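Peer 1: Residue strings, one per chain:
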Amino acid sequence: MILNIWQSSNLESLWYILPELLLLGGAFGFLTMSLFTPHNRRNILAWAILILLTSLFMAMSGVGTSAEGRVGLFSGLLVVDAFSMYAKVFFILSSMIASFFFYQSKTFGSTKKLLETLAFLMVLTVGLCWMAMSVDLLMTFISLEMVSILSYLLVASKPKDAFSSEAGLKYILFGAVASGIMLFGLSFLFGMVGASDYAAIARHLQGDLHTTEILVLFFSFICILVGFGFKMTIFPTQMWVPDVYQGAPTSVTAFLSVSSKAGGFLIFMRLLIELKVHLGSGAFESLIAQIKMHEILVFFGVMSMIIGNVSALKQKNLKRLMAYSSIAHAGFILLGLSCLGQDGFFAVLFYLFVYMLMNFGAFYIIHLRVIDTGNDHIDSFRGYGNQNIWMSVSMTIFLLSMIGLPPFSGFIAKFYVFKSLLSQKYYMTALLGGINTAIAVYYYMKIIKWMFLKDGNDPEIPRYGKLARVYVILLLVPVISLGIYWKPLIDWVEASLSFVF
Amino acid sequence: MYLFYIIILPLITAVLLRWHVFDNKKSAGVIACCSVLGSFVVVLLHTRYLFMAGDSGAMYFEKLWEWKILPDVTMPFGLRLDAISYVMCLLVTFVGFLIHVYSLGYMKLKEYSRYFSYLNLFVAMMLLLVLSDQLLFMFIGWEGVGLSSFLLIGFYHQSHKNMNAAKKAFIVNRIGDLGLLLAMILLLAIYFLESGQFSLSVLTLETKASLLQAPGIGDFTLIGIVGVLLFFGVCGKSAQMPLYMWLPDAMAGPTPVSALMHAASMVTAGIYLMSRMHFIFDGSVFVSHLVMWVGVITALFGSTVAIFQRDIKKILAFSTISQLGYMTLACGIGAYGVALFHVLTHGVFKALLFLSAGDVIKACKGNQDIYLMGNLRHKLPRTHVMFWMGALSLVGIFPLAGYFSKDLILFHLFTNHFGVYLLALLGVFFTSCYIFRLLYLVFYGNRQADTNQEYRTPITMLFPMVILSILLLMLGWLWVPSFLHLPEVLPEFFATVLPVELGHHLVFKELIVGLISTVFAATGFFLARKFFLYGPKADFWIAKRYPRFYRLLSHQYYLDELYYKAFVFENHDDRDPNEDNAFTNSVLHVVAVFKGLIDRYFIDGLVHWFAWIPMFLGSVYAKIQNGQIQSYLRWITMGSLISLLYWFLWISKAGQ
Amino acid sequence: MPALFSLQSYLLLSAMLFVIGLIIVLTKNNAIQIIMGIELIFNAAAINFVAFSCFRPHLLDTLQMSGQVIAIFVIVVAAADACAALAIILSLFRVFKTTRIQNINRLKG
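Residue numbers (my numbering), protein chains in the order written: chain B, 1 to 501; chain E, 1001 to 1656; chain W, 2001 to 2109.
Since the hints were derived computationally from the structure, they do not count as laboratory data.
Predicted model only: the values in this text are computed from it and were never measured.
Each hint should be verified, as a subset may be incorrect.
Computed from the model, here is a short list of chain B residues facing chain W with C-beta under 8 Å [claimed, not checked]:
1. 156
2. 160
3. 168
4. 169
5. 172
6. 176
7. 177
8. 180
9. 183
10. 196
11. 370
12. 374
Simulated DEER-style distance windows between Cβ atoms [said to hold, decoys possible]:
13. 12/B with 2075/W: 26 to 36 Å
14. 281/B with 1063/E: 29 to 39 Å
15. 1601/E with 211/B: 36 to 46 Å
16. 1604/E with 295/B: 34 to 44 Å
Cross-link-like lysine-lysine pairs, in silico, PhoX-like; alpha carbons within 20 Å at most [claimed, not checked]:
17. 1025/E with 1108/E
18. 1653/E with 316/B
19. 292/B with 1108/E
Don't be surprised by glycine CBs; every beta carbon is placed ideally from N, CA and C.
Using the sequences and the accompanying hints, generate a full structural model.
Peer 2: What follows is the structure, given as C-alpha cells:
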C-alpha cells in the first residue's frame, strides 16, 4: 500500500492532466468549428477519434502516471494512480465507441449537431475521468455535476421530440434533487471533519467515534449514496432510468448506461479506496461495521436486481427493457461492491468493462433495428434471424453474454461477483443473485425468440454499411474472447488496484 | 480369502458370454458351468472361517470398500458370510451348477452364449443378494435377480406371450420393491428420529435392539410399518398372496430357468430377507400374524388351484407358490431356521421335479399338456423313479428331506397355533392330491403319449437329477427331531445367527404330528391314485358333477378376472381376461394416470407459480412507475426517511 | 468572537431551507417553480458549508475557509444547473406548449 502521495505543485499538476486538457482543447475546437462552414461528417468523426486516441495513448504511456506511484494534483483535489489510469482508459474507450455511435445516429445528423455533441462527449469524458480521480469533496461535487449537466443536455438533444424533452426534464429534475441531497450530506461530513479532502476525513474517523459522530457519518453516507446511487442507477434512485433511457436518443442512452453508471461506481470506489488506504484495513472494517455499510449496500443491490429483472419481464419497448436490465446489472455490480474486499472490487471493475462491450453492442443493434422499422417496440426484431443472420447472431451473443452464459465474458464477470459474494459468506445473497439471473433469462430470450422463431413481415432486407459491420465485430470479438481467455483483463484490473491491497 | 470372488466369477463370465467371447455351445456352456462350480468351491473354501470364529458366532465379514457419500456419511460395503448366507450360497451355487449342466443337455438353441450369460448373471446377482451385509446392496442383488428373471423368462423373445409374462414378472416384482424401498427409507427415518443424525449404518443386516423402541401407538409401531412394507416386498419376490400372479406365467421361460429361479433361488430371496430382518417381525405381533395368515392363505390357494391345472409346469408353479406359503408361514410364527431349512429342501426337491418335468417335456416333443401324456414310466424309467422321490419329498414322507422340514413347520404350528395347524394340514392333503394326480396322469394310464421314439435322456440331464435325488436322501438328516438324540447339525449352526429353539421337543408330540401328516398325505395319495390312475377321466367327471367348483378352481378363483376388473379402465375390444398382458397394461395405466396428474398439477403448477411471482411483482412495480416525476421523488423521499429512521434506531441501538 | 447566532441557528436555517426546497420540488406543478426549489436545496447546502467553515475551524485547513470556497463553487454549479434546466424547459415548452409537468407523463410503465 502506498500511503504517501506526492503532492505536486500546480504547474506540475497541469502536466499530469495533459490528456484531459487535450480533450478539453478538442471540445473547444469542435465548438469553434461549429460556427464556421459545414464540414464533412466523416472528417469530424475522424478528428474526434484521433483526439480521443491521442489522449488515450498519452494516458497510457505515462503522461498521467508517475513512477512515484501516486501523485496528488492541485493541492489534493485530484490524484493520479493506477486506479485513475483504469478509469481513463475505460472512459476514453467508451467515448470512442460512443462517438462512432453518435456519428451513426440520425439525431445528430447535421454537422453542427454532431460537432456539438462530440464536444459534449469530450467534456463528459474529462468529467468522468475526474470523477474517478477526485479525492476532495469539492472535486467530487464538481466533477459529478459536470457529468450530470452535460448528460441532461445530451438526453434532451433531440429537437422537437416529445419523448426526448420529457426524458430530459425528468432527468434534470431527478438529478438535481439527488445532487442537492448529496451536497447536503457532504456539507455535514465537511462540518464534522473540518476539511474537505478524503485524507482528512480518514484521519478524523480513525479513532473511536462518538455516537453522534456515527449518526452524522451515517446520515451523510446515506445522502452521498443517494447522489452516487443516482448515477449508479441503483435502488432508491432508479426510478428515472426507464423513462430517460426510453426517451433519449439511442446513442445517448447507450453511452449513459455505460459511462455514467461506471462513473458512479468508480467515484464511490474512489471514496472507499481512499478511506481504506488512509485508515488501514482494521479501522476500515470497523468503520464499515459501525455504519452498517455492508448490509445497506447488499440491501440496495438486491432490491435493484429484483426491481430491474421483475419489471423487465413485461416490457414491450426495447429501450425500456434495456433500461430495466441495466438497473438489474447495476444491482448485481453493487452486490459485488458490497463485499468491500479485494474480490469485490476486482469483480466490479471486470464487470464494468465487460458490460461496456456488451451493452454498446446490444444497443447498437437495437439502434439499427429502430432505424429499419421505425419503432422501438420489441417486435421490431421480428424475423431478424431470417433477414440478417450475422447481425441477429451477434445480437444473440450480446444478449447471452448479458444473461451470463458461458462461454461469453458476461459469465466470467458474473462468476467473479459470485466468487466475491461466496468468499464473504453471503450465501443467501448469492442465491438471490442466481434466482435473478434465472429470471433475467426470460426477457433476453424474448428478444431472441422474436428474432428467430417468428417470421418478419418486412420483406426488405436491411443493408448495413461496412463501418457498421466492423463496429459490431470489434465489439463482438472481445465479448467472446474474454469469455475464453480473460487473463489480460483481470491482470490489468488487479494491477490497477494493487496499491489498495 | 476372498468372498468377493464368489460373486465376481459368474459376473465376469456373464459379461464375457454376453459379448460372445465364447460362442460355441460347448465352450459357452462349459465355461458357465465352471464359473458356477468355481463359486461353489470358493464358498466351501471359506467354510473353515465360519467355524473358527468362536465367540463371535460363526461369522466371516469382509469389507470391500467404503463409499463416501458425504463427508460425514459413509457406507461400508462388505460381504458377510454367516450361517444363513453360507447355507443359501451353497444352495444357489450347487443347484445352480447342476442346472447349468442340465441346460447343456436340455437346450437346443442356435447360440448358447446369451442363455448362459443370463443364467450366470442370475447366479451372480443372487449371490450378491445373499452375501451383502447392507440392505442397499442387497437391494442391488434383489433388483438384479428381478432383471435376470425378466431376461430369462422372455428368453424366447419372439413370442408375445413370453414377453408379456416377462413384463408381468418384472412389474409385479417392482411393485413389491416399492414396499422394500419404503421400508428402507422408513428405517433411515426412524434411526434419524432416534439418534438425531443421519447414518446408513442402520441398514446393515444385523439385529438392532434399539430400533424396537421406536415410537408408535400401542402395537401399531413404526417398526410395525417397516415390517409391513418389508413383507410387501417379500410378497412381490416370493409370490405370496396379492402379488403371486407372475409365477404361473413365468413358466413361459425354459424349464431349467424355472427350476433354478422359481424353485430354488429367486423366490426364496424373500424368505431370506425375512430371516435377516427377523427382529422386525419378532418385534411386532401384528406383523408376524399378518405374515402367518398370508402364508397360510397362499399355501392353501396354491395347493387347491394346482389340482385342476393341465400344464405340468403350471402345476409345479402353483406348487412352488404353495410351498413358499409354508415357508412364509414358518417365518410368521418365528421359526426362521425352520423356514430356511425348508428353503433348502424345497430347493432340492422342486428342482428335481422341474428337471424331471423337463425331461418329460422333451420326450413328448415339447408338449406340456398332461391330458396328452400317459404311460411314460416305461419310456423314462429313471425319470419316473426320480419323480416319485420328488413327489414323496414334497408331501413329506419319511425318510426324504421334505419330511423333516415340513414336519418341523407343522410341529411348531401344532404347539402354538392350533387353528392354523389344521389349515396347514389341509394344505398337505391338497398337496398330495395334485402331485400324485400329476404323477399318475403323466407316468401311468394306458393311453400312450405321443413321444419321440428315439429319445434317450442325455447324461448331462440325468446326472444333475441323480445328484439331487441323492441329496434328498441325505439332506433331511441335518435337522432331525431331537428325540432321536442324533447331532442336530443345522439348528445349532443357525442358532449362531437366528433365534432357534434347540432340543427339548417332546417325543410324543413329535411322533403324533409326524403320523398325522403322513396320514393326510396318504389320504391324498390314495384318492389321487383312485381317480387318476387310468387317465384324466376323473377331471371331466368332476367338471360335470360339480361344474361351478371345478371352474372356480381351474380359473384360479377368478382372481385374474378380479384384477382385470379392478385395474383396467378401458375395454376397447372383447379382451379375454386371461389375456396375459391385461394385468401388466392395467398396472401401467394406473401408474400413468397417477403420474400424469402429478405432472400436470403439481410439477407444472409449481413451475407456473414460480413464474407468476416475478410477473406479478413486475406489474405491481409498473404501477409505481407512472411517469410523474414528482411521484418518483416523493417515493424516494418517503422511502429514505423511513429507512433513515429505521437505520438510525438500529445503529444507535448497536452503539450502546 | 461571541456571535448572536450560534452554529445551531445556521444549521437550523439551512435545514429549513432544504426542507422548503424539497417540498417545493415535490409538490409544485410548474417546472420553473421546481427549479427554484432546486436552487433552494443547493443554497441550503452552501449555507451549511459556510457555517461550518466559520464555526469549526480545522487545524489542517490551511486556508481556514475551505467551506466558503466550496460555497462559491456550489453557487456556480447551481447556476449552471439552472441554466441547463431552463434550456430543457424551453425545449419542453416548444413541444408541449405548457410548463405544467403533471400531465407530461407519456413515458411510463
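Peer 1: Could you run down the list of hints and mark each one as holding or not?
Peer 2: Right, here's what the structure says about each hint:
| no. | hint | result |
| --- | --- | --- |
| 1 | 156 | holds, 5 Å |
| 2 | 160 | holds, 6 Å |
| 3 | 168 | holds, 4 Å |
| 4 | 169 | holds, 5 Å |
| 5 | 172 | holds, 5 Å |
| 6 | 176 | holds, 4 Å |
| 7 | 177 | holds, 6 Å |
| 8 | 180 | holds, 3 Å |
| 9 | 183 | holds, 4 Å |
| 10 | 196 | holds, 5 Å |
| 11 | 370 | violated, 16 Å |
| 12 | 374 | violated, 18 Å |
| 13 | 12/B with 2075/W: 26 to 36 Å | holds, 30 Å |
| 14 | 281/B with 1063/E: 29 to 39 Å | violated, 51 Å |
| 15 | 1601/E with 211/B: 36 to 46 Å | violated, 57 Å |
| 16 | 1604/E with 295/B: 34 to 44 Å | holds, 38 Å |
| 17 | 1025/E with 1108/E | holds, 10 Å |
| 18 | 1653/E with 316/B | violated, 46 Å |
| 19 | 292/B with 1108/E | violated, 85 Å |
Hint compliance for this structure: hints 11, 12, 14, 15, 18, 19 are broken, all remaining hints hold.
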